[in-house]
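Please work from the sequences and hints to get the whole structure.
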Amino acid sequence: MKLTTLLTSAAIIAAVMFAGATSASAESTLEIVKKRGHLRCQVGPASPGFYFLDSKGDWQGIDVSVCHAVAAAIFGDPTKLEIQSVSSQARFTSLANGDSDMLSRTATWTMSRDTQLGIDFLTPNFYDGQGFTVRKDSGITNALELKGAKVCVTTGTTTESNLADFSRTHDLNISAVTFEDYNVRDETYLQGGCDAVTADKSALAGNLAAFPVPGDHLILPDTLSKEPLAPAVRHGDNQWADIVRWTEFAMVNAEELGITSANVDDLRANSKNPSIRRVLGVEGNIHEGIGLDKDWAYNIIKLVGNYGEVYEKYIGNGEKAIGIPRAGSANALWTKGGLMYSPPMR
Amino acid sequence: MEYVRTKDVPTRKPPMNESSLLGWLKINLFDTLFSSVLTVLVLTAIFFAVKALWIWGVSDGVWVAETRRECFKISLDGACWAGVFAWLDNIFYGRYPRDELWRVNLGGVLLVIWMLPLWLPRVRGKILVGLSVVALYPFLAGYLFSGGEKGIFMQVMIAAAIVGLAANIANAVTGYFNHGSLSNFIIRKIGKSEAHEKQQRNILLAILLFALAVAFIWQMSWTEENVTWTKWGGLFLTFVISGIGIAAALPGGIFLALGRRSKLPVVRVLSTAFIELFRSVPLITVLFMATTMFPLFVPESFQLNKLVQVIIAVCLFYACYLAETVRAGLQAIPKGQYEGAHTIGLGYWGTMGLIIMPQALKHMIPNIVGTFINLLKSTTLVSVIGLFDILNILRAISKDTPWIGLHKEPLVFGAILFFIICFAMSKYSRHLEAKLATGHRN
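Same order as they appear, the protein sequences are chains S and U. When we follow my numbering, the leftmost residue of the first sequence carries the number 1, and every step to the right adds one. When we follow my numbering, the leftmost residue of the second sequence carries the number 1001, and every step to the right adds one.
A few of these clues could be false.
[What the hints assert, rightly or not] With the C-beta cut set under 10 Å, the calculated list includes, among others, these residues of chain U facing chain S:
1. K1126
2. S1132
3. F1216
4. T1291
5. M1293
6. L1296
7. S1383
8. A1396
9. S1398
[As the list claims (entries may be wrong)] Taking lysine-lysine and the PhoX-like style, the derived pairs with C-alpha atoms no more than 20 Å apart in a straight line are:
10. U:K1073 / U:K1408
11. U:K1073 / S:K320
12. U:K1231 / S:K80
13. S:K56 / U:K1231
If you are wondering where the hints come from, they were derived from the structure by calculation, not from laboratory data. None of these values were measured; they are calculated from a predicted model. No residue lacks a Cβ here, since even glycine has one placed at the ideal position from N, Cα and C.
As C-alpha cells, then:
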C-alpha cells in the first residue's frame, strides 16, 4: 500500500516536471531571447576574418557581424549579445539543446547536416571553395600537376575527404599529411614537409598573407569543392529562422540599394525611392510578419553596416581584413556577377 | 703531564680532487674515457640547443612591432614577442572589461594577504586561517569578480568574509609581535583575563556581531557592475577553476577515502562506485558530459552556467584521484596508531582527525601536490569546450588579424608561465615536507 502511494506520487512529480519542461520549450525563440535580454550566438574557436578575438578581448569578424546584426534587429543594440565559442565537435549539439540561439561560424551547408541534425541552414553569407597553395618555384600552375604530391591538410573536416575524392577522380595518387592545428600544418609546409597545402580558399588567402614571404607562394586557380558557409538555427521555429534569414537579406539588399551605415540617416529622412523607404521602415509594413520593430532594418544598417561594408572590413581590403578581393568572386552582388542576391523586401 | 708534541700537526689540505673545481670535474665528468666522450657530446648538444633558442628568441627576436608583418620586416626568422605583449591583458584576464581589471587584481592581492599568516612564524590558529580562506574568501572574491545584484545570503557571507579578513590580519599582527592570538589579546586589553570563560566568550561574540553589522552596512554601499562569467578568461580563469578545484577536491577526497574504508556497507559501496566511475573516465569526457549532456537531463528552469558545470566536473574528478592518494596514506598507518587512539578514548572522528589524518596526509604531500599540479595543468582542457582559459587565449593570438599565424611565441610564453607556477608549487611542497618532517627519518 505504502509502496504504491510512493510510486504514484513519484510518477505524478515526474509527469509535472515533464509537462513543465515541454511547456517551457514551446515558447518561441524570439520570446526566450527577448526575455533573457540578450542573444546567444555561437561561433567557433577563432578563425581569421570570420570570428576572432582582438587584443582588446572583443569578438570581430564577418560571422560575428551577423550575430551583431540579429541583436541589432531585435533589441536595437548590437551589444546585447553573448558570443559563445564552441568546439566543432559540440557545435550542433549546443544548438540543438537550446544552449545557443543561432550559429554563425563558417559551417558548410550540406544536405545531410540540414536534414539529419535537427537544424536549418539559412542563406550563405560567404561562398567558399577548397583550393591549393604551392611554392612558386615548384612550377606547378594547376592542380592536375600535383601527381604523387604530398599535401598538408587539417583533419576532421570535409577538406580531407574532398582531397581524397579529388585524388581518386583524377588518378593523382596524392598522399595526405594530416594535422590537428593549421599553424603546424603551415609550418610544416614552409619547412618543405609537403608540396602543397589544401584548405578553403579564404583560409588559404588569410594564411598566405601571414607567410614570411607571401610572394614565394601561389594559390592555384582550381576549386575542388563548393563550401557555402551559412548561419543555422534550430529546426522547427520558422519565425526565428525568418528573423535571421531576413537580417542577412536586409544587409545584402541595403548594399544593392546603396544604403550604408554612413548615409542611412540621410536616406531615411530624404530618399524618395520606395524600395529604400520600405526597407528603412518609412512606409509599408514589412516588419509586421517578422515580429520586430519598424526600425529593425534601419538598426542593422546603422549599427552594423551593409554586407559590402562588413565584407571589406574583415575579408576584403580593410585594415583588419585578411585581403581576399571580392570582385569577380561568388561573393560579389548578383548585379556584378556574384551570388549575393536578396529577394525583394516588399 | 707532558705532551709528546708541543705543537699541533699542521692540517693538511684535502686531496686535490675533493676541493678544487678541476678535481670535481675529473671525478664527476671525465672519470673514464667513456664518460669523457659522453660529457663532450652532451655539452655540445646543450650548447647548440641553447644557442639556437637564444638566436631565435633573444638576439633575432622582435620586441616592438605593430603587426606580424612588421616583425618579418625586422627579422625573418626571429621570434615576434611583440604579439605576445600586445595580448598581455588578454592572456592574464581574458575578455574581462579593461576598466574593471582592478577587481581581479584586488581579488588576487586579498587572497595573498589572507594566506600570508600561514607562512608567518608565531601566528596562532593557522588551521582557522586555512579554513576561513576556503569557506569565506570565495564569497568576497566571487562578488569582486562578478559583481551585479547580491542576494541576502550573499550579503551576509560578504560581510562575514570582510570580518574574517580583518580578524585574520589583526590576528597575524598580534601573533607576529608576540602578543598571542587575537582573542587573547583583546581579552587582555580590556582587562578581563581573570573573568569567567563564559563571560570572555560572550564579550568576543558581542564584538564579532558588532563587526559583522558594521561590515554588512559597509558592503551594502558596494555596487560593482556585473561582469558575466563569459568574459572571464586567461590566466585568471585558469586560477579560478584550479583554485576552487584544489580547495574542494582535497576535502572531497578525504571524505571519499574515509567512505571507502568505512565499515558501513552502503557508504563504502557508494564511495567505491563513485571513485571507480570517475577514475575510469577521461577528464575530457567528464567535461563534455557536464556541459553538453547535463542540460538535457534537467528542466530548463534549472540551468547552471558552463563555468559552474566545469568547476563541479573538475572538483569531482580530482576528488576521486585524491581519495585514492589519501587512502594510500591511510593504509600506511600501522594498526597500533588506531588502537592507541582508542585506548585514550577517542571516537571515530577524533581518531581520524587528531591521530590518523595528520600522519597520513603528511606522508602523502608529494602525491597530493603532484595531483594539484596535474589539476592546474589539466584545466587547459576546458579550452576544448570553448572556455577562454589561458591556453585558448594563447591559441587565439594566431587568429587575430594583425598577428595571423603567430603560434609558437604565445605557446613558449605559456610554457614559461606554467613552469613558474608549477615549479613554485613543487618547491613549496618540498618546503612543507621538510617543515612537517617529525621522525620517520632513516
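Hint check:
Violation of the interface hint for K1126 of chain U is found here, the shortest Cβ-Cβ separation to chain S being roughly 39 Å, above the 10 Å cut-off. For S1132 of chain U, the suggested interface contact is broken, since its CB lies about 33 Å from the closest CB of chain S, more than 10 Å. For F1216 of chain U, the suggested interface contact is broken, since its CB lies about 30 Å from the closest CB of chain S, more than 10 Å. Annotation: interface hint on T1291 of chain U holds; nearest CB of chain S at approximately 8 Å, less than 10 Å.
Against a cut-off of 10 Å between C-beta atoms, the interface hint on M1293 of chain U holds, since the closest Cβ of chain S lies about 9 Å away. A hinted interface residue such as L1296 of chain U counts as satisfied when its beta carbon comes closer than 10 Å to some beta carbon of chain S; here the least separation is about 6 Å, so the hint holds. With its C-beta approaching chain S no nearer than about 8 Å, S1383 of chain U sits inside the 10 Å limit, and its interface hint holds. With 10 Å as the threshold, the beta carbon of A1396 of chain U comes within range of chain S, its nearest partner Cβ sitting at about 5 Å, so the hint holds.
Annotation: S1398 of chain U was flagged as interfacial toward chain S, and the flag holds, the nearest CB pair being 5 Å apart, inside 10 Å. For the hint pairing K1073 of chain U with K1408 of chain U, the CA-to-CA distance comes to about 18 Å; that is within 20 Å, so the pair holds. The straight-line distance between the Cα atoms of K1073 of chain U and K320 of chain S is roughly 19 Å, inside the 20 Å bound, and the hint therefore holds. Taken as a hint, the K1231 of chain U and K80 of chain S pair is honoured in the structure, with Cα atoms around 14 Å apart against an allowance of 20 Å.
Distance restraint check for K56 of chain S and K1231 of chain U: the Cα-Cα separation of roughly 12 Å lies within the 20 Å cut-off, and the hinted pair is therefore satisfied.
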